[in-house]
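A.B. asks: Chain by chain, the residues run as shown.
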Amino acid sequence: MAVTHEDVRHVATLARLEVDDARLDHLVTELNGILAHMDALAEVDTREVEQAEFAPKVGTPVRSDASGPLKMYAPLESFAPASRDGFVLVHRLSTHEDSENRAP
Amino acid sequence: MSITNFGSLSAVALSARVGSGDLVPADTVAASFDTADAVSAGRDGLNLILWSNRELALRDASSLAEGMAKAGKGGLLAGVPLAVKDNIATLGLPTTCASKILAGYVSPYEATAIIRLREEGAIVVAKTNMDEFAMGSSTENSAYGPAHNPHDVRRVTGGSSGGSAAAVAAGIVPIALGSETGGSVRQPAAFCGIVGVKPTYGRVSRHGLVAFASSLDQIGTMARNVDDAALTMEIMSGLDPFDSTSSSAPVGGYRDQYMSLATNPAPLEGMKIGVPAEYFPENLDPGIRQLCLRSVDALKSLGAKVIDVKMPQTPLAIPVYYIVAPAEASSNLARFDGVRYGFRSEEASTLSELYSITRSEGFGPEVTRRILLGTYVLSAGYYDAYYKKAQAVRALITRDFGAVFGDGVDALFTPTTPTTAFPIGGITDPYEMYLSDIFTVTANLAGVPAMSLPIGRVGGLPVGGQIIAPHFGEAAMFRVAYALESALGQEAHQ
Chain A
38 MAVTHEDVRH
48 VATLARLEVD
58 DARLDHLVTE
68 LNGILAHMDA
78 LAEVDTREVE
88 QAEFAPKVGT
98 PVRSDASGPL
108 KMYAPLESFA
118 PASRDGFVLV
128 HRLSTHEDSE
138 NRAP
Chain B
-13 MSITNFGSLS
-3 AVALSARVGS
7 GDLVPADTVA
17 ASFDTADAVS
27 AGRDGLNLIL
37 WSNRELALRD
47 ASSLAEGMAK
57 AGKGGLLAGV
67 PLAVKDNIAT
77 LGLPTTCASK
87 ILAGYVSPYE
97 ATAIIRLREE
107 GAIVVAKTNM
117 DEFAMGSSTE
127 NSAYGPAHNP
137 HDVRRVTGGS
147 SGGSAAAVAA
157 GIVPIALGSE
167 TGGSVRQPAA
177 FCGIVGVKPT
187 YGRVSRHGLV
197 AFASSLDQIG
207 TMARNVDDAA
217 LTMEIMSGLD
227 PFDSTSSSAP
237 VGGYRDQYMS
247 LATNPAPLEG
257 MKIGVPAEYF
267 PENLDPGIRQ
277 LCLRSVDALK
287 SLGAKVIDVK
297 MPQTPLAIPV
307 YYIVAPAEAS
317 SNLARFDGVR
327 YGFRSEEAST
337 LSELYSITRS
347 EGFGPEVTRR
357 ILLGTYVLSA
367 GYYDAYYKKA
377 QAVRALITRD
387 FGAVFGDGVD
397 ALFTPTTPTT
407 AFPIGGITDP
417 YEMYLSDIFT
427 VTANLAGVPA
437 MSLPIGRVGG
447 LPVGGQIIAP
457 HFGEAAMFRV
467 AYALESALGQ
477 EAHQ
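So the protein lines, in turn, are chains A and B.
So in my numbering, spot 72 of the first sequence is number 109, and the numbers just go up one at a time.
So in my numbering, spot 139 of the second sequence is number 125, and the numbers just go up one at a time.
Be careful, since some hints might not be right.
With beta-carbon atoms standing in for the labels, derived distance ranges [stated by the list, open to error]:
(1) A:P112 - B:K59: 31 to 39 Å
(2) B:D20 - A:V125: 55 to 63 Å
(3) A:Q88 - B:S200: 43 to 51 Å
(4) B:E41 - A:L113: 53 to 61 Å
Not everything, but these chain A residues come out facing chain B in the computed CB check (under 8 Å) [to be verified]:
(5) A49
(6) D62
(7) L64
(8) L78
(9) A79
(10) T83
(11) H128
By construction, these hints were calculated from the structure, which means they are not laboratory data.
The model shown is predicted, which means the values in this text are computed figures rather than measured ones.
Ideal placement from N, C-alpha and C gives every residue a C-beta, glycine not left out.
Construct the complete structure from the given sequences, taking the supplied hints into account.
C.D. replies: Put into structure tokens, the structure is as follows:
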């Protein structure tokens, strides 16, 4: 299963990464080199492995819902450049409506 | 007060001196920073430490001293300087995962493991260099440049917790925290000649550890001796409501068990230790093989019964790991998009561009490669052939461990790495680099505890021996390690 340039472009889009043409050739070669070693897995007979075996043997412990919210060691405002009414203001982009009313 | 031989003192010894009033916490903090200066641990030197703040650490030392005065006693780690890998959340110092994309990020909360160590008197003095987002085996993938091995500055520290391992080896701190996904504590511990421990999956809370591959990640301890590593692990372990995968299994008894056998000439009497042939391939460095055989002889002389065992799925571990880990990473790292944390590209004009340009500029080449690989193996048309298949083979690898431990084997002994520390820039092929984890990834895939301890040197470079135990078998693992460390004595560092 050789990875193509189109495959890398496709997964880069899915992963929200930009890959320029100069890097693309390199990545296709690298990913094919790595995945060639993975082909050994295709030879392994796993028909008797149950899906349940994928999960860790140690079960997730049940706990009460008593745990409170995570304690913040400083007010929210100290972690963001700007906030309003308890909300963090994020970077305004041209695609946002009302872009004239820009956040600081 | 200056501390004579600070760089060789154990955490247990330092804590005892602080607890008795012979030293105050400010003395140990000053000694740690002075040692870091003396060995040039900063960016323009060995490049082991990314972030540190002497004034902040001295303030913590002062608060600790006040608390001790009120309580009339110190904790188990009273005044012990602690270095922390840069992917574990700490207050006051940045947590950047050695990545440009988290530049300037300071966590608003602290990892559970750090809180528990602070409660016993540990003082965080430094955040250490690492491979970006823990993706690497050499600490060359850091956005801040490679770390240098104190035993030979032209060589790598190992990785991804290379800065922590080297900080312990260089005498800056007696204990440090690293994180494990495929061997990132044990491999650098072996390369730097120290002890490194990966606990059972679920033994130590992952709360505050920046996620890489959530089904594999664990915080681990690094120290210059087994006792310090065991003590640190005992303190950190246990159920945490902030990590639903943390276990309620009982904690402790590690030190009690081996201490109770300290005067016994055969402290491993009644234990069965397996040696899997698959971890001793023909191309294993002959010097490492020789040192492992010496350790096996030592284990026998300590009373253990040593037997050959089979772990037939071992050669499949690297292919499985490099499907499962990148797949999980591609999901976990989706959160770094320029909106919530750290770096944000100023080039974007749309939201979609903000995500893609920020991520492309913020992530380094290895992280980008693994995100693409992980996205590929999870994508439609390839999921069954890669990800689902890898999970099934992972189950077979886990069965290997179940079979040998089910047969009454108490622990396994193997080399930690196939080579000693290699030259910086010496490995350029990604898959060749991945192979340096060949003996360590199996324990992560199966979730069992494992540790590395020094067993000698080849060409002047440290070599690690690995002990692997069943799930929650840390007590047996430390019992074997403590006995072997005692038996090898100074030979472990020669």
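A.B. asks: Now tell me if each hint is right for this structure.
C.D. replies: Consistency of the hints with the structure:
no.	hint	verdict
1	A:P112 - B:K59: 31 to 39 Å	34 Å, holds
2	B:D20 - A:V125: 55 to 63 Å	41 Å, violated
3	A:Q88 - B:S200: 43 to 51 Å	19 Å, violated
4	B:E41 - A:L113: 53 to 61 Å	26 Å, violated
5	A49	6 Å, holds
6	D62	14 Å, violated
7	L64	6 Å, holds
8	L78	5 Å, holds
9	A79	7 Å, holds
10	T83	4 Å, holds
11	H128	6 Å, holds
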